[in-house]
Every structure is written in C-alpha cells, then in structure tokens.
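Colleague: What follows is each chain in one-letter form.
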Amino acid sequence: MQSEPDQQPKRAFQWGFASAMGVVLLAMIVGQFVGTIVDGLTTYHGTWTGREWVLAVVLAGFVLSSGAFVVSQWDGVRRFFRTMHVGVTLVSLSLFAVFAGVLVPQIENFEDSTERIPSISDVSDEVFYAYALLPNERDRTLPDEQRSQAAARAADITRGLTDDQKERLHGYREAYRAFRWAEGYFVYHLIHPYGIGMPKFAGLPQQVTDGLDRFEKKYGREERDNREKQMKAAFNGREISTAIGTMIRNHESKFRAAFDVATTLHLNRAYKSHWFAALLGMLFVGIAFNTFKSTAAAWLSMRKVGYVTVHLGVMTLLIGGAISKARTVRGILHMDLREGPKDEFWAYMDPTKLRGMPFSLKLERFGRRDWKTLEVGFPGEQFKSQLPQYTLWPGRKVDLDFAPDARGVDRPRIRLEVVAVHERAAVAPAELIEGAQDEKSAIGPVAILTSTPSAADGTPRSPAESPKYLLAPDRSDRRLMYDPAGRFRISSNFGEDTAAAKKILADVVDGRVGWLSMRVAAAGGVEPQNTPVKIGDTVQGPGGYTIKVLRATPSFRFDAKTEREVVDPRPITEIYPNNPAVILSIQPSDGGPAEERPILERLDYENPELQKGLRLSELVVNFTWDPWNAPGPERSVLQWNSSGKATLVSADGNETPVALGALLPLPGESKVVLSQLFTSAKIDRRITLDPTAPIIAGPHFDSAFYSTDPTGVEVRVTTDPDTDRAHSEMVTLASTDTSFANFWTAPDKRFYLHYFLNDKAQPFEWRSVLSVWKPGADGKPVMQDAGLEEDREIRVNDYFHYAGYRFFQTNAIPELPTYSGIGVVYDPGIPIVLFGMYLTILGTVLAFIVRPIVEGYGKRARTAAPGTI
Amino acid sequence: MNPIQSLFDGDVALSTRLTSIADVLCIVGVLVCAVSAFMRKADGQKAALVSRLPILVLVGTFATMVTVVAARWKEVNHFPSQTMSEVLTMFSFALVAAMVVLHVALDLKKRGGGWAVLDDVLVLLVFAGVFATHAWIRGLSTAQRDLPPALQSYWFPFHLTALIFSYATMAIAAFVCLLYFVTRFWSGVFLGGQSKKTQWITLAALTLVPFVHIVTLPILAISGLVFWLVVKTGKMPRGEQLVALEKSFDDVSFKTFAVGFPFLTAGLWMGAFWAQEAWANYWGWDSKENSALITWLVYVLYIHLRMLGGYRGSKAMSVLVAGAASVFLTFQLFGYMPDSQKSLHRYTDDGVQPQEGQMGPAPTKSDDQARVEPAAK
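So the protein lines, in turn, are chains A and B.
Take the first sequence: its position 317, counted from the start at 1, is 318 in my numbering, and no numbers get skipped.
Take the second sequence: its position 204, counted from the start at 1, is 827 in my numbering, and no numbers get skipped.
Fair warning: there could be bad hints in the mix.
Stated by the list, open to error - With a cut-off of at most 27 Å between alpha-carbon atoms, the simulated DSSO-like pairs for lysine-lysine come out as follows: (1) K733(B) x K860(A); (2) K218(A) x K233(A); (3) K697(B) x K218(A).
To be verified - Chain B residues, not near chain A, derived (Cβ > 12 Å throughout): (4) V653; (5) A657; (6) L676; (7) L679; (8) G683; (9) L814; (10) W823; (11) T839; (12) M859; (13) K911; (14) R935.
Bear in mind the hints are in silico, worked out from the structure with no lab data behind them.
Keep in mind that this is a model prediction, so the values were computed, not measured.
Just so it is clear, CB atoms sit at the ideal spot from N, CA and C, and this is done for glycine as well.
All chains should be built: construct the whole structure from the sequences, respecting the hints.
Modeller: What follows is the structure, given as structure tokens:
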C-alpha cells in the first residue's frame, strides 16, 4: 500500500544558532526566577503565610512539570544537547556571561549570595543627587573637619528620611559611586583610544626637572627615569581624573540608569546570580550528553581519551563549583595575642554577620618580618622626594654618586655591596672615644654634660635618672643644651681661646623665634622659601601671600573639648620649648579674607592630609624654632680647647673655668656637671652579628621567626671603585636606633646609610600559630591536639586546615604588633574542583600533545613497513 | 633613554643593556629574514647560505634573552615577572622561544609550496614583535619591587611561564592567520577572484579594530607592497592555489594553536591552585582571572567549531585571531575594564585616582610607589 502524502514522516526540527540561543536564554531567565523563589523560601524564617505556600506550590509544580517534560521528550532533549549549535551556544554564552561580569564592576562582598544593592525607590532623586555630591561621612581616612562637615550636610539633606532609608541611601550611594567611577574610567578610555583627545601633559615644571637632574647624579640614570615616569603619571593622572569626573557629571543620569539596569539584571553580582548558575547547569548537562556518546571502550582510544578526560574534568569542576556555591562561607577572624580563644568570625568581612565554628581558635604566636632596606642620603642635596630604598640580599650591589671620568663617561663614586644579612644582631650602648685628630670618621669635638636634677627633698638623683647631653659645636642640631626647667641654655664652641664663644653671644639675633619654610604646591613649587621671623614680622611669601607672625609660643597646647588653644600665662622666656609654634595670619594676594593658622614645629605640613582641611591649602608652611635666638632664659657658651681646658662664658662676659666632674655655675635648680670632653670624638658602635641565627625563609617551622631581635647587615662601602683611589670599608648596621646602630655616616660626611625594616610597604612575610580549643566537661575551653606547631602555623601560601575549615594569613597592622588577621573559609567543594582542574590539564595534554606524537609515530611506522597492519 | 644610549651607560641596569643587544639582533634578524625570503626559490629548492641566517639570528636572540632574564632575576632577587616591564620582557622572550620550538615542531620548509618563504616571514614578524615590545617597555618603570607574601610561592614561575608561553604561541598562530588573510586580500586586489563583501569585511577587520590594528595595519600595508612586487613575478597565488593555501594555513595555524593550548590550560588552572594555597579561594572571580578564562573559552569555542562544526579555513582562522585579541585584552587592556579597578592583578601605573568626595572609595590596589606627589618633593 502506498502511504498518503499527508502521512509522510515529520522531519525533526533542526536547531540553529538563533533557536539554540533563544532556548538557553529562556532557560537562564527561568532559572533566575526559580532561584529567586527558592532563595525567598529558604531564607524566610517566619511562619509561612499564603504567599509562601503559593510560591512553594508554583515551585513544586514547575519542578514536576519540568521533570515530566524531560522524561516524555527524552529523545528530543538528548538531540537538543547533542546538536553542535547548542554546544557552541552554551560555550559562547558562558563566555559572554563571564565577560558581562568584567564589563560591570561587581559589588563589594558579591561572594556573599545574600548581598544586594539596597533599593532607594522611596527616596527622591533630588535627595539622592544632593547626597551623592558629598564625601563619605563614614570614611575615617578623611580629615576630621571634612568628615564632620560632610556629616552635617548629609544630616541636613536627609532630614525627612527614616533611619532605614538613610542606611539604604548610604549603601546605594557607595555602591553607585564605585560603579560610576569604574564605568566612567572605562568609557573615557574607550572613547579616547591611544590618548586621543585626553588632556595633553604639559611637561614637568622646570624646578622638578632640575631636581631630577640632581637626583640622577646621585642615584643613576635608571632611577631617575623611573622616578620621572612616576611623576609624569601622577601629574597626568590628576588631569585625566578631572576629565573623567567632568564626563561623569555631564552624564550622571545615564550612569545611574546603567547602574539600576545592572542591579536589576544582577549583572553586578553576575557570578553568584541564578541565571549564571542555570547557564552553567545547562553547560554541565550538555557536556554530559556529549561525553558519554560512544562506547566505554572508545573512550580509552587514543583518539578519544584526551577529549573524554577534558570533559570529565570540566564536569567535575562544575560539580565542585556547585557545592562551593551552595556551601561556602568565608570571612575573617580578628586575632590578638592578648586575647583568649574565639569561635566566631565575621562572615564576608561584615561585623554584623557573625558565624560560629564548632571549635575555638587562639593565637599563640604572631610574627611579621619586613624587608631589610637601606636608604642612602646625601646631606648636601636635601631632596624633598622620598629617597630610593634598596631591599637587601647578599650579593646585591648598588652604584651611586655618578661623575664623568676622563673620557666623559659617568662612573659611580660609591659602590655598596651587601656582604651578609643576619637575622639577629645584638647592640650594646655605643660609647664615645677619642679618635685621631684627622680621623675622617670622627664626629668632631664633643662635650658631655650630665644633668642631675634634685629630688623633691634636695638629694641628687641617681646616675640612671640623670640625662646626658651631648654638645657638638660642629653639628647644628647638637650644639645646644636647653634646661628642661627653662632657666638656662648653653651653646658650645671648640677653640683655643674664648674669643669665638664671646662672638657667639654677641651675635645673638634677639627676638628671632625661628624660620618659616613656605612653598605654593599648585605652582609646582619644589624648593621652599626659607625666611627667619620675629613676632610681629610681616613677610612676603610665595604665590603673593602676605604672612604676619601674630604670636609665637615655645609650648603650644590645645584643648580638644573646647577646640581652643590653651595659652600659657607665663612669659615666653620662662617656657621650655617642648612644642614650639607660631600663629600666622595669611593674607592671599587677591585681598580675600585672611586665614589664621597655627604652625607647630613638630608637624610636617608636607603631608597632604594635613593640608586638605586648610582654607588656603595651596600654601604649605613649616616652622622651625630657633632655640638659641628666640626669647628665653640666660645664654652661656661652653668653650674648650685641645688641652682639655674648659670655660663657661656668660652673656655678661664672665669667664669661669670648669673642670671635669665639676658643676657648671648656672641659674636654677638643675645641676649640670661637665662629664667628658673630646677633641675629636668617635662613636664606638657595638654591634654584634650572629652568623648562626637561622635563615627564617625556609619551609620548616622556626621559632626564630617570631623573635623581635634586631637584624643586622654587613655592607662593603667602596669609594671611587674601579680606580686606583678605591677605598673600601666594612660597615655593620642593625635595625634599631639604639646607639644609632641603624645609621652610618661616611667619614667625609658626603653621604650616610640608614638601615631599617620597611614596615610601610607589604611585608616580607607574616606567620601565625594557632591552637584549637573545645569546651571540656566543665564547660571551660580545653586545648585540642591539632598537630605540632609546624602543622598549626599559617603562612601566606600555606594555610591551616582543621575540621573542614581553612585558615590563612590575610593581613596585619604595623601599629598593632599583637594583631593578626586570619581569613576563614569553609568550602567542601575545593578538592573536587581542584581534581577537575588537574583532569582538564591532563586531557588537553593527551589530546594536543600526546595524541599527535603517538599518531605520528604510528604513521611513520606504517609508512616504513608497507603491507603490515 | 634610547637603546643605543643604554648600551653604553654605566648607571643603567645590566638587563636593560642586554635588552638593547637583543634589539640590535632583532633589527639584523628582520633584515636577514627579508633578504632570505626574497632569495628563496618558491619551489623549495635548497636555500642559499643566507637562508640559514634567520634561524641562527633567532637562536642568538634567544640566547641573549636568556641572559636578559637571568640578569634581571639577579637584579631583583626573584623570578622577574612582577612588574609590567618584567612581564613584557618575559613575553618577548617567550615569543622567541615559541618560534624556536615551532620552527622545529612544524618544520614548515618541508611543506613546500612557498612555506619556506612564509617561515622566514613568520620569523621576521617575531623579530618585529620583540623589538616593538621592547620599545613599549622603555616607557615603563623598571624599578625593583619587593615580592608581596602572596607572590612568594613556587607556583609563581610555573604559572607565569605557562601562560606567557601560551600567549606567545597563540600570537604566532594569529600571525599565521593574518598572513593568510593579507594574502587572500591582496590576491583579490591585484588579481580579482574575491567577492567585494569579503574584501570589505577583511579590510575593515584589519584596519578598524582598535589596538588590534596596531599589529594588523602595518602587516597589511607592508604586505601590500610585497605582493605588488610578487605580482610582477607572476607568483601571486590565485584560484585553486589560494584554496590549497587556505587549507595549508589552516593546518599550520591549528598545529601552532595545539602547541600552546595545553600550556594555556595549565597556566590558567595553576593560577587557581596557587590562589587556593594563598587564600583558600581557587577562584575569586577577579577580573584578571575572568579575562584569562574568557581567552580560554574563546579557544574552547574554536576547538568546538572546528571539530563539531567542521569550521575550517578562514572561518576557523577568524576565531583564532579573535582569541589572540582576547589574549591582548587579558594581558594589556584588562586594567581599563570596569571590574578591574579593584583587581589584585592590576598593573596600570597611570596615576589616575578618583578625586575625594566625588567618586567614592579609592578603588585600586595598585602599588603605593606609583602614587607619588607630583610637586615633588
């Protein structure tokens, strides 16, 4: 019988790229909805109401109907997943999904699947945009004044809002601003490829270039080039930042709309979204359908084994990833050596999300090792920029101080070579000894005075309570002794007679309180203008500013409660200069209102954080008190000569001989004794390096790592290297300022070495040792056996694993040496994922390297032996 | 500072000076390859002595780059792949190393049909690429930086080496594809036989894609001149020859890819192993990790299109070029991506920071040394 034309077999639907993509996208959307329902039901902790029951029924219905569909249409489903177009679509969409997360900045703590951008649909746009202009009032890095102004302004703008709305508004704003900057930065660079249309860099100011030229002479061409590149990037970066800010402001509403779209579609938490999970789920199913197509024997054939292994690897990886997604918790444990066991950590770094562990941990040891660093300074240069810092290791050579040789080629005049680095150094108090007259390493003439203030009952204090003062006439910072009781001050002079001492007294500039050092930062001002000042002086500063010295005080005090200066009622001459300051009135050149500004000697106003809060912040002013010339107590000069004869010369011209061990005839209660005199003093540093101290960088546990002993270094310093004038000296330094063990000055004073452990940058390493505790029978914590210290030690790249939890070193705080930040992870998917990754690597090696080689050999064998099989 | 100056400057690091020697070798290599290519007979007759020079110069450049890397390793006291200049130096080294490996593995000269000439052209492109990379490095800081604790891992050299070698190999695979596309384009221009649509698409792809055209435009321009000369000799491929060439290029590009893909896979997952040891987090969805994963997925797509979809020839080679573009994005441009602002891998030293009170919290973790006060001190 012939078949009727209308009964011809139906041709199966041919999947193409468009139809495949449609189905997969639909599945992702459905997956997002289903996931949201599941989230809603599983995180709801109250009694279920009608809403929850409806959702549960819908969910159950969906699951059942989907299952029924798959079973009934099994052949179709199988054909769907085995179609090339579907496979390629799944891979392509996975690729685009990952890319979406690169194009949209992910929110902070996106790893916390409950983290969301708060909704502010109940807050007006007007309030939001006004609030968005303000600095973050909770940002502790801002100066106090700025933060309090921002808080006041924020309170004003959000006046009509509830606490919940304010909290949501704050969260939304911070997330939006991070998004806005990231997208603005990206879009700006996208529309200005190769820098076309970006602000043109005008070049470094001449003063900066001149400074760099001098810098090059000392530290070398490469160091200069690197410094110049950084400066150009910083200069240019500011202008580009401004341009990006302008672009963002001009398109604010578009950025906000994009942010809201990204939030709605979960693009800013793409990798934790349900649509992403649905996509990867489909990918898994697709791989499974295609991997197990042929017979098991075929899987092991050379042709297939690599391909099967890769796919098995990816499937394993996806299974492990799913377990990780469902079960992972991560956070931070804040540990301190002074505290007891803790069993709670901050999940996802959020202090409001505390998670408990079934055991407690205690920090037993914590150590931080910083990089051993050397700084080389040239006192004659006074570079304002940070000096280069050289990390030290044995064998490292540094060439410095370049000058052209006879052929005009720049050659170093100093070579430093690190001979040895030691993990332990002992430093005994240094002593001064008499050196030879012309000894280059001598620091010059020195007198040591011992002050023995009396106790309340008039008895002298013990030697241990008697501070020593070192007077070195050749050192501007060590020339003077100032009585702590404020009754006298003594300068020093070395000479054969008292004529020079008398001249020092005659040359006093009465009333000079100190020097102002001023520069205008915006004009690229590098070299400051230094001007001596008296109270009442008016000086012309840089940038057209007029500065008047209103007042000066040797001891500035501030009452934090009243936010006012506490003025000492005593005469200025009676106050010890323990915190000198001047109060200035600064008048800008445009005649605007003057700013009254106190300048304290001990504060470095080069720090931009200090400058930010000032009204006329472009003018940077520092102050140095002049303890000799400023109004103060009686002046005298201690003079001595090479024969060891000392004389105290007073302001009225009286000369009193002073013997060693004798009291100086000075006013006031303080008793000052002349202890020692040197014509050419030399520092006898006592640094002992311990070559047996173990190297702490090894893989095994070493308790020496936790020691706080200073470290030491031996450096060979060679001047004029590679010439016949070369002279080498071994210098030993230790990382403590006891007895200046961390400083060494060249005999000709041309340069100095400063050795320290650099705690301003990333450390060399942190390590912690933890112990595990559980409650005993009486409820008190009992330490558990969790292995040796070596097993319980945590380093970066070597975590501690206990009861499914992993603990790793995250951070430390230099100002808090007992603190250790310990990251916590609970993730049962880890071993499965890692196994899957190894399988994938193996599979690609088998498919792309082993197979061609094996098949190549086979082909050659067949070609060589025709007729054989 | 230019390379000649740095060669003789005593206060410049040894590795920088050795790089200048490598640059000189690259210039010599380009010249030698060009001469060799023109002197070879297209029918693959045994090459003149000058035709052995490209591989000799290549080996010499390789040896020089070995000393560059060794010198830098000594200067910084650790595996030299921390800063962008160090990573790019490693990349240029890997380009040379990959070309040496591929030269042996592919043995292109035995293919005949002009492949000896194409071998010389490929080596020429590698020399040009190394030279261009070094020129770019000269604008970057070469300051030594201490390794943060996370980088003090035995995974560091393996992860970096595997990835950078794979990037170099994929770049060479892309060069192979580009050579095919320019050959087909100029054949169409000089001899016809190509549809206008194909020609316009090829021209647009080779000239308009930002950043990619830094490489493709010069190749297109110079190849145009070369093929104009070739047309005069009557050796320009056309018709059936072009079809055969397409198959041949496709085969070579696939084999080149096949050398690099296992290293790409291994390098990608080694990063995960390392992250697991450092932070017990094998995959933090950091944008650098994601960019590398995207690159891997592009190549996975290539394999599937080729093996399941039967894609061959220009279709398959287009995906390979897209993969190389993804490598470039991962390697050099990812720092501009929105999600990269807070990435741990971000190298961009452009000094661009959000201004306070305006943009929210400072997003980058870039090295503090780059944030120098410009009114320098």
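Colleague: Which hint numbers does the structure go against, in order from smallest to largest?
Modeller: Number 13 only.
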